[in-house]
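Student: Please build the complex by placing chain B on the supplied structure of chain A, with the hints as guidance.
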Amino acid sequence: AQRVTQPEKLLSVFKGAPVELKCNYSYSGSPELFWYVQYSRQRLQLLLRHISRESIKGFTADLNKGETSFHLKKPFAQEEDSAMYYCALRAGSYQLTFGKGTKLSVIP
Amino acid sequence: GAVVSQHPSWVICKSGTSVKIECRSLDFQATTMFWYRQFPKQSLMLMATSNEGSKATYEQGVEKDKFLINHASLTLSTLTVTSAHPEDSSFYICSARDPGSSYGYTFGSGTRLTVV
Numbered sequence: 002a003q004r005v006t007q008p009e010k011l012l013s014v015f016k017g018a019p020v021e022l023k024c025n026y027s028y029s030g031s032p033e034l035f036w037y038v039q040y041s042r043q044r045l046q047l048l049l050r051h052i053s054r055e056s057i058k059g060f061t062a063d064l065n066k067g068e069t070s071f072h073l074k075k076p077f078a079q080e081e082d083s084a085m086y087y088c089a090l091r092a093g094s095y096q097l098t099f100g101k102g103t104k105l106s107v108i109p
Numbered sequence: 130g131a132v133v134s135q136h137p138s139w140v141i142c143k144s145g146t147s148v149k150i151e152c153r154s155l156d157f158q159a160t161t162m163f164w165y166r167q168f169p170k171q172s173l174m175l176m177a178t179s180n181e182g183s184k185a186t187y188e189q190g191v192e193k194d195k196f197l198i199n200h201a202s203l204t205l206s207t208l209t210v211t212s213a214h215p216e217d218s219s220f221y222i223c224s225a226r227d228p229g230s231s232y233g234y235t236f237g238s239g240t241r242l243t244v245v
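These protein sequence lines are chains A and B, in that order.
Numbering (this note's numbering) for the first sequence: 2 to 109.
Numbering (this note's numbering) for the second sequence: 130 to 245.
Just chain A, with the same shape it has in the complex (with noise of 0.2 Å):
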């Protein structure tokens, strides 16, 4: 069975410094991966995904497959940036599987 894993339930960073949200997955197959985003009082949202590879409110994520990994990063961080983060893994069908989430809290 496939699992994600976000070791960090919280990560605090000063305004201006730089983020990495780590993300491990297991899957034996070809994972697509995606980080979704929580802001206060908002719903779940889809921050970026794999595939694309895009960057999204200057957040990337690269797969890394040797090291099952999918860690989202930003270089600067701002404080419209705090918010819950949620790593998720989706292996061949519609469900998606996701990680405990982080908090990541920006300080001014």
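A portion of the hints provided could be inaccurate.
[Unchecked claim] Examples of chain A residues toward chain B, derived with CB under 8 Å: (1) Q46; (2) L97; (3) F99.
Hints in this document: simulated from the structure, not taken from any laboratory.
All C-beta atoms in this analysis are idealised placements derived from N, C-alpha and C, irrespective of residue type, glycine included.
Tutor: Frame of chain A; chain B shown alone:
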């Protein structure tokens, strides 16, 4: 973009009663919807896949007689927690495939259920 509307946002009910949560797709048809549950400090866990016009597919360990799912139309799926107990208190979220994206999903705003 595609929006999923979920109601209510929060509900408090007494033990033994039933609670219905609605999930509606706005401006698009969702043949498949997903129901997730999140306990405090835990990850989002898929409970079941709701299929329009047919029975829901439940994940292992989820009691189908307790968590009744009905997907009678292409825009509405409901989750009814029957004979609720305090341990059912959780955060429930529905989602559907975003028709505007080949890969993305759109989520409801969630329902906080508290059983007292």
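Student: All hints are to be evaluated individually against the structure, with a verdict given for each.
Tutor: Comparing the hints with the structure gives:
no. : hint : result
1   : Q46  : holds (7 Å)
2   : L97  : holds (7 Å)
3   : F99  : holds (4 Å)
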